[in-house]
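Asks: Could you put together the complete structure from these sequences and hints?
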Amino acid sequence: MNRENAEIELKRIFGIDHFYDEQWERILMIQRTGFGKSLCYQFPATQFDGITVIFSPLIALMRDQVKALNKKGIPARYINSEQTVEENSATIQDALDGRVKILYIAPERQENAEWIEATRKMNLSMVVIDEAHTISVWGHDFRPAFRRIINLVKLLPQSLPVLATTATATNRVQSDIEQQIGGRLTTIRGQLVRDNFRLYVIKVHSEDEKLVWLAQNLNHINGTGLIYTGTRVNTEIYAKWLAYNNINAINYNAGHDADTRKDIENGLMQNRYKSIVSTNALGMGIDKPDIRFIIHTQIPASPIHYYQEIGRAGRDDKPTTIILFYNEQRDKNGIEEDYKLPKAFIDGARPSKEKYLKAIEALKQEPLSERGLMKATNLKQTQIRVIKADLIDQGIAKEVVDGKSKVLEYQFGAKELDTQSFENLRIAKLKDLDAMVGYINTSQPRMQYLCEFLDDDNNINYSNCDNTNLDKLTVALTYEWQKKLSDFRENYFPILEVSETTSKTHKPSNIKWTINIPSENKIDVYKNDQLFGSFSCVINWNNFSVEEREFVESLLESHLARKSHIVNGIAASYYGVSNVGSALHRSKYENGGDFPDFLLRLTLKAFFKTFGNSKFDMVLYVPPTHSGDLVKNFAVKFASAIKVPISHKLVKIRQTSEQKVFQNSYLKQENVKDAFSYLSPEEINGKKIILLDDIFDSGATIKEIGKLLTALGAETIVPIAIAKTVGGDI
Amino acid sequence: MMKNELTYWVALTHTPKIWTKRKNEIIVYCFNLSKTIADFFESENFLGMELKHEEQELLSQTKKELANYAFLVEELLNQGYSIIPITSQEYSPTLKANLKYNAPIILYTKGNKQLLQENAIAIVGSRNANDKSLLFTDNVAKKASSERKVVVSGFAKGVDKQALDSALNYKGQSIVVLPQGITTFASGMKKYYKQIIEGTVLVLSVFHPKSPWSVDLAMARNTIIYGLADEIYAAQSDDKGGTWSGVTDGLKKGRTVFVRMPERNEKCANMTLIEMGAKAADIEGNPIHKTTEYVLHEQSCQVVAEPTASYQTNSVDKQIVDLLNKGEYSSKQIIEILHLSDFSTQKLSQRLSKIDGIQIHKIGKTNKYSLKTKKQSEQLTLSL
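As given, the protein sequences belong to chains A and B, one line each in that order. So the first sequence is residues 147 to 876, counted in the numbering used here. So the second sequence is residues 2 to 385, counted in the numbering used here.
A portion of the hints provided could be inaccurate.
When the alpha-carbon atoms are kept at most 25 Å apart in a straight line, the in silico BS3-like pairs for lysine-lysine are as follows [said to hold, decoys possible]:
(1) B/K191 <-> A/K561
(2) A/K504 <-> B/K192
(3) B/K65 <-> B/K24
(4) A/K834 <-> A/K819
(5) A/K267 <-> B/K211
(6) A/K778 <-> A/K755
(7) B/K191 <-> A/K552
(8) B/K348 <-> A/K552
(9) A/K521 <-> B/K191
(10) A/K349 <-> A/K577
(11) A/K709 <-> A/K510
(12) A/K552 <-> B/K192
(13) B/K65 <-> A/K300
(14) B/K327 <-> B/K363
(15) A/K408 <-> A/K673
(16) A/K510 <-> B/K192
(17) B/K195 <-> A/K501
(18) B/K191 <-> A/K510
(19) A/K561 <-> B/K195
(20) B/K64 <-> A/K267
(21) A/K577 <-> A/K478
(22) A/K833 <-> A/K795
(23) A/K521 <-> B/K268
(24) B/K18 <-> A/K534
(25) B/K191 <-> A/K544
(26) B/K18 <-> B/K366
(27) B/K373 <-> B/K355
(28) B/K195 <-> A/K521
(29) B/K191 <-> A/K504
(30) A/K550 <-> B/K192
(31) A/K668 <-> A/K386
(32) A/K300 <-> B/K36
(33) A/K300 <-> B/K211
(34) B/K348 <-> B/K333
(35) B/K195 <-> A/K504
Since the hints were made in silico from the structure, they are not lab data.
Replies: Below is the structure:
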């Protein structure tokens, strides 16, 4: 594309006659969702000789855009973690051979050796940074991987066009992006108002009120839409609750595998569900024009987050309902309940200085992988990742490729750790959070409040919210609904996922087959990571070719021979939800005596609901770390209730520490490795065993015992726990 | 210098088929115009510099690959490597002064760059060094470390490895010059990790960061080792191979080279090098001043019986240079005047191309050879 043609396009899209010289090269475009930002790079990309590389953090967006471009006959591809290594390699080869015009790529790929190798030979015409706010720590979704993209852009030749786009940027984020990308950048900023949005805030005084309102009203809202919850566990609880009330809802979160995620995303596109309950990861970049509602059960971290998240709805400009719940009940310290979670995220965003110094000290001794650093410091993976990103950011350490793995190296002449910048950031984020609470309490038109926060000060007559022309929404919490809710809670049991998988690639077809036995009478077979069939007890071989059958049979044989016979179990409740956690805590740590009977009732209920039809030979329980017979006494009662003999012969053969001391799974695994024994090993052979424990956390102990019992010949091991933790909340 | 120019520097450096000398001329040209290498590539006509058609094509090809080089540079910086262009304050002044227009365009390093600014000695020698040579190396490294001089060596077996380990053992500092690209040295980086992060070791390479080890690079690397040092110590040399060609080349360029005085009956070519003008040094690395001392040695040293071919041809080089000092000659004329009966014109042109400071002037189909004018080399020192 020459400049003349480009300027015709520019005139059409922006009403600007010509590029300034520097404009032709680097542009930051801030335009609201639905403006058509992607066309602004897709069109020129088709005109260039070479390839346009688009760095995008959104896998779902990549998929949609590539599909749409291919439909128009434009050769577009993507490279990301959703594809197999082979698929990504093939894409890279096509790009090298000039068979790709537009290549979407996740910024994390910048760390991939094959991609880096390919970049040495690719004919590049333009670089696009999508969702450019993610390169700013002041932005609402900072991604460390984008730091490298910025460095790259700084190094790109001045004559190579670079376009950065975002829907949301305050002045501060804008100037941060401008500064980072480099001086010769022109910013184009559009209007942000979305006047088809009907904005509501519902103030409540308990989590129950939110659940009840949704159950009562969701089916009365037009169309299909999204519910965003603050935590992963809540996506599950809300979705199950809605389903319990015959509302067609499903949960979606980062814990799901790629296929499940893809399937749910397709379901969203096809309006298969009334609502998808999700963390805010879903919907970013999904190209669906008619998301009719977005409901938040938790406040986002700032008005920018909120604007960005609701911006995914109503791109067709038709009326769209936007609801935000806020639990303003104050605790004994006078803090509003729904303020706590986002505040805790901000306060806990960074580990303590001591932890940083511990990591630095370890790196001064030797270069370490992420895993090595976790072992050396006994810190959680999440914390190590934050520390890693900050150390790289401050030039204290660098991540270096060492063969096939990556290690962190301390740098000669590195500066001292700067914690002041962390504190500044924390204060800024708290201010943003307070502005979000300001949205709850404002009497201004709500869209005006958001636009002003985003530094879009247009003089428009804002309306369409419960502060202007719309009625306030309220909750009616009746006795019947409360009863329904407690019934639901007593019938809802979290799964303990511990079953193992076996995979093998069939040659020469190159098809990867995977076996998983999630429960004693179910066999899941995956073909290239897609669920091929879920079979109860016996595999129906009619679906397989002769060759496939032979291969899968031998795979199943080796799975049974080598892998643990432990299957997925069940817990009576989540630890942090309902009163189960506090009851356990009283008994375990406050000398509250045996576990109360309601826990036994609940656990039995969970057991019968899931395993009521199975026959078992014996009940075992996890021997305690310290003296104390809580679990033993519980197991005795449990065993007598289900009329299965109990055995006390599972013992510890060496001292272990309490698992909660260890912050990451590697150390937890090491803590319990070879720590158990069974006193009469011959008893185990061919048995179906129930393995009881009080709290299920990482699962390392249960899995270790499962391994032991499998080695002794156990046929099946089913783990049962009273409570399952969510992200280490003991 | 702006970080974002590094892409252009790396691109220029790895443009194939253009000699370093020519690339340095480009840099000087830009410098004289107060322009950057970025300006050179971004301008329509390479800032109007007079370039051969072939050079234009090569540089235009590089220009197309600039974005690719950006990816490479980002990767290197991300992994903690430094990229030091010849115009940078961080570049070794010693290297620049010694190699002049042949100084590498960029240095890739990891570790304490300050070591490039310190006084330095190089220790070179055979991969299969004997105990005496290793002792000599240890002594020299010890002395250098006590004088706070940096020890430059090449990370080969034998003398090189001893030089590095001794320098570190005596709490000294060391520059390791790699015979390969800097990213292909993972095992060594790991081994000397602590020394690198403490600042006592600098790893340096002048080759494409992804190049694997090769004999050619190992030979080319010697020039850099010599260039980085103020003094050169050779522990042990055979009559061919890296140390030999490095020392003879150093002597040709007028560098001071100390060679360990060999023992009686020792199988090595040290004595030959001393005869060729290298300074003799005792086992402690101290110069031996009395000529008689090594005359005695020479008589008892049986290995060094025949003067080698290189020695002879080296004197041919000198005759040629003396002749060209007087004017411009074709290779045929040179053969006639100097009575070089064993040389064909073709063989002589090859020889001439290896002698420093000689330039070719094409007149019709004939190549005329002459010495480069002093003015050119002065300009280099001024501008670089």
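Asks: Next, verify each hint and record whether it holds.
Replies: Hint check:
1. Only pairs whose Cα atoms come within 25 Å are accepted, and B/K191 paired with A/K561 is accepted, the gap being roughly 22 Å.
2. In summary, the hint linking A/K504 to B/K192 is supported, as the alpha carbons are separated by about 22 Å, within the 25 Å threshold.
3. As the CA atoms of B/K65 and B/K24 are separated by approximately 18 Å, the hinted pair is consistent with the 25 Å bound.
4. In summary, the hint linking A/K834 to A/K819 is supported, as the alpha carbons are separated by about 23 Å, within the 25 Å threshold.
5. At most 25 Å may separate the alpha-carbon atoms for a hinted pair to count; A/K267 and B/K211 meet this at roughly 14 Å.
6. Under the criterion of a C-alpha separation no larger than 25 Å, the hint pairing A/K778 with A/K755 is consistent with the structure, at around 23 Å.
7. Of the pairs offered as hints, the one joining B/K191 and A/K552 holds, with about 13 Å between alpha carbons and a cut-off of 25 Å not exceeded.
8. Taking the CA atoms of B/K348 and A/K552, the gap is about 51 Å. The hint is violated against a cut of 25 Å.
9. Straight-line distance between C-alpha atoms of A/K521 and B/K191 comes to about 19 Å, which keeps the hinted pair within the 25 Å bound.
10. The hinted pair formed by A/K349 and A/K577 meets the criterion: a straight-line CA distance of about 21 Å does not exceed 25 Å.
11. At roughly 39 Å between alpha-carbon atoms, A/K709 and A/K510 are farther apart than 25 Å, so this suggested pair is violated.
12. Only pairs whose Cα atoms come within 25 Å are accepted, and A/K552 paired with B/K192 is accepted, the gap being roughly 16 Å.
13. A distance of roughly 17 Å separates the Cα atoms of B/K65 and A/K300; the hinted pair therefore holds under the 25 Å criterion.
14. A C-alpha spacing of about 18 Å is found between B/K327 and B/K363, which places the hinted pair at or below 25 Å, so the restraint holds.
15. For the given pair, A/K408 sits about 16 Å from A/K673 by alpha-carbon distance, which is consistent with the 25 Å threshold.
16. Restraint check for A/K510 and B/K192: the C-alpha separation of about 13 Å stays at or below 25 Å, so the hint holds.
17. Between B/K195 and A/K501 the alpha-carbon distance is near 22 Å, which keeps this suggested pair within the 25 Å criterion.
18. Restraint check: the Cα-Cα separation between B/K191 and A/K510 comes to about 12 Å, which is no more than 25 Å; the hinted pair holds.
19. Taking the CA atoms of A/K561 and B/K195, the gap is near 17 Å; set against the 25 Å cutoff, the hint holds.
20. Straight-line distance between C-alpha atoms of B/K64 and A/K267 comes to about 13 Å, which keeps the hinted pair within the 25 Å bound.
21. Note on A/K577 and A/K478: the hinted pairing holds, with a Cα-Cα distance of about 23 Å set against a maximum of 25 Å.
22. With a C-alpha separation of about 14 Å, the suggested pairing of A/K833 with A/K795 holds against the 25 Å cut-off.
23. The straight-line distance between the Cα atoms of A/K521 and B/K268 is roughly 53 Å, outside the 25 Å bound, and the hint therefore fails.
24. Only pairs whose Cα atoms come within 25 Å are accepted, and B/K18 paired with A/K534 is rejected, the gap being roughly 42 Å.
25. Only pairs whose Cα atoms come within 25 Å are accepted, and B/K191 paired with A/K544 is accepted, the gap being roughly 14 Å.
26. Distance restraint check for B/K18 and B/K366: the Cα-Cα separation of roughly 23 Å lies within the 25 Å cut-off, and the hinted pair is therefore satisfied.
27. Only pairs whose Cα atoms come within 25 Å are accepted, and B/K373 paired with B/K355 is accepted, the gap being roughly 14 Å.
28. A distance of roughly 20 Å separates the Cα atoms of B/K195 and A/K521; the hinted pair therefore holds under the 25 Å criterion.
29. This hinted pair checks out: B/K191 and A/K504 have alpha carbons roughly 21 Å apart, not beyond 25 Å.
30. For the given pair, A/K550 sits about 18 Å from B/K192 by alpha-carbon distance, which is consistent with the 25 Å threshold.
31. The straight-line distance between the Cα atoms of A/K668 and A/K386 is roughly 23 Å, inside the 25 Å bound, and the hint therefore holds.
32. For a cut-off of 25 Å, the pair hint linking A/K300 to B/K36 stands: about 19 Å separates their Cα positions.
33. Straight-line distance between C-alpha atoms of A/K300 and B/K211 comes to about 22 Å, which keeps the hinted pair within the 25 Å bound.
34. A threshold of 25 Å between alpha carbons decides the hint, and for B/K348 with B/K333 the separation of about 11 Å falls inside it, so the pair holds.
35. Distance hint between B/K195 and A/K504 is fulfilled; the C-alpha atoms sit about 17 Å from each other, no more than 25 Å.
Hint check: violations occur at hints 8, 11, 23 and 24; the rest are consistent with the structure.
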